[in-house]
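Asks: As given, the protein sequences belong to chains S and P, one line each in that order. According to our numbering, the first sequence is numbered sequentially starting from 1. According to our numbering, the second sequence is numbered sequentially starting from 1001.
Treat the hints with care, since some could be wrong.
Partner residues aside, some chain P positions facing chain S, computed with beta carbon under 10 Å [what the hints assert, rightly or not]:
id : residue
1  : LEU1011
2  : ILE1030
3  : THR1038
4  : ASN1059
5  : MET1182
6  : ASN1184
7  : ASN1187
From chain S, some residues computed to sit far from chain P (all C-beta separations above 12 Å) [said to hold, decoys possible]:
id : residue
8  : ASN22
9  : ASN99
10 : ARG258
Rather than coming from a laboratory, the hints here were simulated on the basis of the structure. Glycine included, C-beta positions come from ideal geometry on N, C-alpha and C.
The primary structure of each chain is shown beneath.
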Amino acid sequence: MLGAYFDFIRIRFLTMLAYRVNYYSGILIYTLNIGVNYFTWKAIYGGGESLGGFTSAQMTTYVAVSWMARAFYFNNLDREISSDIRDGSIAIQFIRPYNYVLVKMMQGLGEGLFRFLMLMIPGMIVAILLFPVQLPTEPAAWAGFLVMLFFSFLISSQINVITGLSAFFVENNEGVMRMKRVIVDLFSGLIVPISLFPGWLSSVLNVLPFQAITYLPGSVFTGRVQGVGIWNVLGIQVFWFLVLLIPIVWLYHAARKRLFVQGG
Amino acid sequence: MYHLGLLWEYLKNYMKTRLTYRADFWVEVISDLLFQATNFIFIMVIFMHTESLGGWNQNEVVFVYGFFMVPYGVFSCFVNMWNFSERYIVKGEMDRVLTRPAHNLFQILLENVDPPSLIGSFIGLVIMAISGANLGLPFEWWTIPALLVLTLSAVAIYTGIYTALTSLSFYSDAPTGILPLMYNIQNYGRYPVTIYNRAIQVLLTWIIPFAFVGIYPAALFLQRDEMRGMAILTPVVGAVFLTIGLLSWNYGVRRYKGAGS
């Protein structure tokens, strides 16, 4: 049974491989994003040494690592799920002998692995060549980062699944999906590290799951958080992974009762 | 006249579909506003930590953002091609469009009009008025005509870029993943481009000219003399990119063979 789920990873990976040409432009565009953010932060720093606990060099690394992590964890599960719901094909998927949400997560993972190899790694190499990025040297930091990256993927995909399943309750959830995208980019710390937000806002963001996607792993990788702090970060990620399972399970069950197919 | 009549019919149709999904309408309006709010948070956060961004103060950057919202709202209302490849090519709806007399691109744009986006334009005008008053900007006789011309030019630039990119789906059978990636880049045209290095400035000015939908035209109203030349160039860039977009679209449609199904 588990083998069937692994096949979903493999099949999605191979599907993405067929469209790999798209990803060459992706490398360019992600590098451009890093470049623009790098120069914006340089202008903000001016002559200053430190901002929100980040030195100028750490900020460069943070920007590069955050965008490259996004290259890996980003997917369109929300869009896929809501289009399954809107065209009614989800009815067929619900009667098949597998768990729909788990299948989506597996497909997301297949896509993530593809993006890791075709977008994140080459993009990272280009970024290191172009910008003064300082990567950690000890293997433990790398191992820790890979684990955290995996949890970034899990949490981001869970949020996507929740957004996608919301199509059961608002028939056209285009607005919800757009809102999610913007909120995740801003509140995960991709565009502004959370420590730079005003105090009240960063304390709100500290109790939301978004920081576990980009900000916390990025802080570890730039060396801002070290030692015991790394285990705290991992703990927060595991915590959010478990907490987000609750709305997913609830939505999934509520959705099976609520399902009505609009035409098709 | 014929095209205006079509526009009216499609808008009526739009209202009917929209009234079926009432809740969704408000979700979309609110999500648009929240999107703008998050961008404001970004500007606020930046100016909590610095006095100026490349020589531009907070009110000026907010004003540029206000201007940026105006053409962007108009563009999102009338030109909405996010799902073009999936909807028209993969599902074969392009065949239906091509059998009708009106120009195919015009029909596709009409089928996807999104009037709630215009709310963003109004808010942009309000923001320009407030930050302009804070800066003590004079209201000249040419302010309104210039605003109209520059807005239309900026819409032409957006339309040109996105039409050209969307027409790529005629050439490659892959669902293009470029559009969502562009989404982030267009925001960078709002910040003083002079802070970027030469390569990025050239890119944002001449290759994907998003600087012409934000900072350059807004500089005219802010009386930033160093960018006046660029601001005046906006209509030219608009005409050029709209032409590129339409040409590559028409050429692509001729190559279109249908995807079966």
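Asks: Could you run down the list of hints and mark each one as holding or not?
Replies: Cross-check of the supplied hints:
Hint status for LEU1011(P): violated, given a least beta-carbon distance of 18 Å to chain S, over 10 Å. Nearest Cβ of chain S to the Cβ of ILE1030(P): about 7 Å, under the 10 Å cut. The hint holds. Look at THR1038(P): its Cβ gets to within about 5 Å of chain S, closer than 10 Å, so that hint holds up. Of the supplied interface hints, the one on ASN1059(P) is violated, with its beta-carbon coming no nearer than about 17 Å to a beta-carbon of chain S, more than 10 Å.
The criterion of a C-beta within 10 Å of any C-beta in chain S is met by MET1182(P), whose closest approach is roughly 8 Å, and the hint holds. Interface hint status for ASN1184(P): upheld, as the beta-carbon distance to the closest one in chain S is roughly 6 Å, under 10 Å. Interface hint status for ASN1187(P): upheld, as the beta-carbon distance to the closest one in chain S is roughly 9 Å, under 10 Å. With a closest Cβ-Cβ approach of about 4 Å to chain P, ASN22(S) is found to fall inside the 12 Å limit, against its non-interface label.
A cut-off of 12 Å between C-beta atoms confirms that ASN99(S) is not in contact with chain P; the least separation is 26 Å. Listed as outside the interface, ARG258(S) is consistent with that label: its C-beta sits roughly 14 Å from the nearest C-beta of chain P, beyond the 12 Å cut-off.
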